[in-house]
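Engineer: Taken in sequence, the protein lines are chains Y and P.
Each residue of the first sequence is one higher than the one before, starting from 104 at the first, in my numbering.
Each residue of the second sequence is one higher than the one before, starting from 175 at the first, in my numbering.
The hints are simulated quantities; they were obtained by calculation from the structure and are not laboratory data.
This structure is a prediction, so every number in the text was calculated from the model and none was measured.
Where is the CB? At the ideal position from N, CA and C, for every residue including glycine.
Incorrect hints may have been included.
Stated by the list, open to error - Calculated lysine-lysine pairs in the BS3-like style (CA-CA distance at most 30 Å, straight line):
{"no.": "1", "chain 1": "Y", "residue 1": "Lys440", "chain 2": "P", "residue 2": "Lys460"}
{"no.": "2", "chain 1": "Y", "residue 1": "Lys344", "chain 2": "P", "residue 2": "Lys304"}
{"no.": "3", "chain 1": "Y", "residue 1": "Lys476", "chain 2": "Y", "residue 2": "Lys417"}
{"no.": "4", "chain 1": "P", "residue 1": "Lys488", "chain 2": "Y", "residue 2": "Lys541"}
{"no.": "5", "chain 1": "Y", "residue 1": "Lys532", "chain 2": "P", "residue 2": "Lys360"}
{"no.": "6", "chain 1": "P", "residue 1": "Lys460", "chain 2": "Y", "residue 2": "Lys354"}
{"no.": "7", "chain 1": "P", "residue 1": "Lys360", "chain 2": "Y", "residue 2": "Lys263"}
To be verified - Partial selection, computed: residues in chain P whose CB lies under 7 Å from chain Y:
{"no.": "8", "residue": "Trp216"}
{"no.": "9", "residue": "Gly427"}
{"no.": "10", "residue": "Tyr467"}
Said to hold, decoys possible - Computed far set for chain P versus chain Y, every beta-carbon distance over 12 Å:
{"no.": "11", "residue": "Lys208"}
{"no.": "12", "residue": "Leu223"}
{"no.": "13", "residue": "Gly255"}
{"no.": "14", "residue": "Leu263"}
{"no.": "15", "residue": "Lys271"}
{"no.": "16", "residue": "Ser320"}
{"no.": "17", "residue": "Leu347"}
{"no.": "18", "residue": "Leu380"}
{"no.": "19", "residue": "Ser381"}
{"no.": "20", "residue": "Asn456"}
{"no.": "21", "residue": "Leu457"}
{"no.": "22", "residue": "Phe465"}
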Amino acid sequence: MKVKQITATLLSAAMLVSMVACSGGSTASSVTGAAASEAASSAAPSAAAGTEAPKKITIWAWDDTFNVKAANEAKAVYAETNPNVTVDVVSMAQNDIVAKLNTAFESGNVDGMPNIVLIEDYRIQNYLKSYPGALSDLSDITKADKFMNYKLKTMTEDGKVYGVPFDSGVANVFYRTDLIEQAGYKTSDMESLTWDKFIEIGKAVKAKTGKAMISVDPSDLGLIRMMMQSAGKWYVDSDGKADIADNAALKEALNIYKKMQTEGITITASGWDAGVAAVNESKVATSVNGCWYASSIKKATDQSGKWAVAAFPKMSNVSGSVNASNCGGASWYVIDKVAGKDDAKDFLSKTFASNTDLLDSLCKDISLVSTYKDAASGKNVNAPDTFFSNQTVYKSFAEWTNNIPAVNYGTSTYDIESKMTEAVQNVIKGTSVDVALKNAQTEVEGIISAAG
Amino acid sequence: MKENHAQEAETASLSQSRSGILWETKPPKVIRHKLDKKLNRWGWKFVALSIVLISIFVFIPMIGALIMSFQTGKGVNIHFGGLTNYQRLLTDQTVRKALGNTIIYLIIQVPIMIIFAMIISVILNDKKLKGRSFFRIAIFLPCITSLVSYSLIMKNIFSNDGLFNQMISHLGLSPILWTTDSFWAKALIIIAITWRWTGYNMIFFLSGMQNIEPSIYEAADIDGANVVQKFTYMTVPLLKPIVLFTSITSTIGTLQLFDEVQNITQGGPANGTVTISQYIYNLCFKYTPNFGYACAVAFIVVILIGVLSMIQMKVGGKDNQ
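Only chain P is shown next, with the shape it has when bound in the complex (with noise of 0.2 Å):
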């Protein structure tokens, strides 16, 4: 999922860093041609492909949702409810308790995640570094395992009598209740998920800072900046809109959860780690259908990811317009 987003992103700022050339250099007058006219023709023929695929793929079932978000019932019985659904929202504590879990997840992971990834990228990107590339090919790898299987491990490992826990008894700790305490439950989530992506963005911080010239940094050095000095006066500020991007996706990935917690703890204890794609997932197959209200739900997400990406651009982005 996050690869799409990144590429989804990716092309999003570029598209935005080239209309802002544009934009800036004032393009000149230009006089409309014939043959302006019949490109622009071709041009809507070939975009018209692509606008006939997403409508069927994306938009109408986007409609359908939300059509779906205001029927009550289940099998045969559905029938227009009206916002009977929103209303359930309103005093489910579950959802209540998956927001919860999620944000959680958010203000906690995220910033741990990017700046583990920061450092980490800053220490592999010293040219002096031996063994560079194994260690960047190392941290990057458990991005290539799949979701299933990395949940199931770290499951194993911190199963209520796993590894984890023989280790510490041997050096005389009692146990962590990893899976059955909902405090370390959400813990281990963290600990996972931190685990499986922070190479991930590692690899956009060190291409990031590939893009720094170098001369910059000599000159800082004859000007006698520490390598603190650097790191913070420097190196972060020009990673800012790299910083976003991470951000941005990672927030947008965490609001996603769904693989780690349903492989893990299965949304438990008593609900202690479930996320919002959870509860939806389980309100669809896991208990007694209720699709309607799925789909109210799920446009929670959708207001969820406008205003939080919303947010986002509006406190990091301004330097990138």
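Excised from the complex, chain Y in its bound form (with noise of 0.2 Å):
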């Protein structure tokens, strides 16, 4: 009887994991009914259209207020030059976007799988290093000396280019003036910040007018990420290693983080939402941030006019870090083995890789700033912007990005995100620097070593 039982357990106990088998299974299925549709909508216009065989090249992207807007004016130029290419853009989140790349480049079935695929930089070079020619070589349309080196960096393996830059995430500080005046301070006390010149605005701010200076979200390490890479570190070093113990600038990132904590002068916000809601709502007076962040901002069109920006604060105990930094950022890529590939590379080299007018103009509907060299000679790149008190916010971007230090994002980035989490908290708790990032250190070479 008891080895009845025993039986009787682990076999249902294999049920209950062909039970999560079958679960992953129902993504795949997801996947293959979109495709599906997909197709079906493809049909249609190719009834309507008659005799010539109509091209059709789909895109993927994540921001309906950003990226996707974008694709869709380049979408609407392109189609002016090529009215026989039907472009679908599509608009995911970030994370299905994300799931469905890994699921399709692991079984290598690339159905119902775009042409063109954003990807945040922070991602791109896992893709390029374990999967190797899921992604065209675009070298032929993306024109090296032309786009902003660090940009490049992160998108080039074995001297090849893989993508077409798409925005800059240039790190700066988006304040409100008005709090920070009453607070008693000027525009120009935010000119060249530090830190601790940060911290102590913020301690006024709050003494002053009772509101948080910059909301914190315990599971983004953003503001540290940006902290890091204006001294021209990163959790990895430049060979793919984990800099983590020894890494100074992030042990200074990491005492800056916890100061703020501790001084009282953030609010915390869970999620991408919260965060945008507290700037929205006027519950802080900074975001510090990449650049992209504008288009979030102004969606407070009654705050028109407060805000202003500044270059990112460097950190004054760190040698080498400068005023400039960079937070996301992405790109446009083309997945090699989807029908259509040709179609897909003339379609970027059209818009997003020479196309200066759609820049300039993307400039003003979506606040993008490009890393398009040329782009910054543009007619709204150097407009002053009345929602941030006349400021010419785009020429400083511009600016800005020219100074961002160059770093090898690696392949783990947000594995080793989630670890730093848990060691950031340890920290906030009481633990000290060194010891949190000790264990934190093994914990990122684990991670390396099981991905080599």
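Since each chain sits alone in its own frame, please combine them into the complex, following the hints.
Structural biologist: Printed below as a string of structure tokens:
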């Protein structure tokens, strides 16, 4: 009886595992489902077009106020010269895009995948290293001398460029001029900031206006990443080895992050939407973020004229830290095995890889800061923005972009970040920075060696 | 998911009790005829199809996963790595954290929910209660809501400036940081899953109580037993098989907890609410994909569920065999 009992238990355990497997299977089937519906939708226009064989390319992007809008404008521009190519822009959550890319590349089955996909710079190294050949070589349409170096570096592998750079993630301080002034500071105080000064102003803001200086998300270490990159450092060194325990920039970044919380100038917001809400509902005086955050800040139209931007604060105790950094940013890639590769390349080469007029109008419409060097002379780039107190913000962004230190993002940014969030919470609860980083070093080494 | 386990376990317990009866009564000795053999052959033919299907869809993938759990690297660089993944498991703090979180959910949430379900079903089993079916439906309703939509509603209500905090700030209390403090985030997950699953378990207790002969309660009334005594000395022992069943299915459900955490806190703050299933998902689809390591973590869940189910059967199931 006992044996029977144990076998029964093991069998039921086995069934449960199979259930997990089943739920994995359903994701795959939903992908093919999407592919089927896409095929159906592509069949419709082909019937309408009649004789001339129409071509179709699909683009995936994730932010309706930003990169999806950009893709749609590019589509309109491209349609003027290439009316027989239908461009289908699909908006999808970034997490879903990543999950689908992972599944498709791992299985080698690209059914239902788009021709052009937007991939975040932090992730691209992994795709290039783990799945060589999955993405098309775009060296012939992305002219290396036309784009900024720090951006190109992330998408170059063995001397070949695999993407078309889209947006700069140049980091900066968005701040509320009215609140800073109420706290007794002027806009000139915000120039060439250091983090010490930032905290000092934050304390005054808190005391005089009762508002927090900045919102932090315990699960998102964007701030720490930006601080590190301002000193040319990352979680990994230039060879891709874990660089945590002896990373002076990371150590100082952690200290600053902790100090901001102990000084009480922060509020916590969980997730992207809560962070945007804190800004739009006037709960914070600043947001330190990539320039792409401008489109979210501008959603609060009633705050027009109250915002301004300043260069990213540097860390005064770390040598090599400059008033410039980067946060996020993404680029366009072509999936090699999806039919229509040449059309996709043609689309990119006529839009994001060369069209300065398009890039300039995107600057106005979605506050795009391009990494295309010639875009810097555009009309809109040099125009003042009424929302940001008539500052010529895009010109400033473009200038700061030039100073961003290039770093190797490695292949596992988000795995490492997940470990680091735990380390950061331990530091905030009282563990010494050195101990926390030493523990994190071991774990991060584990991630990197497992990936090799 | 839980419904499936329910059916499985139900059929399992049915077949167990049936075989139990056969075993106790000792079947008379039968002489085997040719017809028997023929019938047996047909039996095997009928079973063959499901054996083939279950092998293709269950056993082969399982073996594949086991093999994969010994592989390291990613993408095209994948290679046999021996026990590397299992070694990494031992030092991985996130696995420890995820296991810890899962066990906290388990030992706090499952008992609370079972006790709640039992109390509610005792109240609702009272034939004199007016509007009985209305209450039953009301308490069962959370169960038919979609996991994702109810999670999003919970997230909304309990977000830092959500409905709950607005209410308590009107009472003059300071807001609770439900989603950004790791203690309260765990509490929030427990509240959410208790709300969702109590009604589901209540149904089992109600049906169990309907099977208890009313005359024994009448006898107890005559003997002068009060409500509490009737509950603790009669209802609970008589419902023991149901308690066992609901606690096993709830345990399994909790070990596989994913949707709620993914949608309410995304595992945050700083992996404060992450569960094992979610960590497996993250390893495959959120981070740089590492399917080999994810499979190794998945086998921990297999071992855990096996061990826990065995313990529960030992503790609760003796009378049932």
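Engineer: Could you work out which earlier hints the structure fails to respect and list their numbers in ascending sequence?
Structural biologist: Hint check: 2, 4, 7, 8, 9, 13, 14, 15, 20, 21 and 22 fail, others pass.
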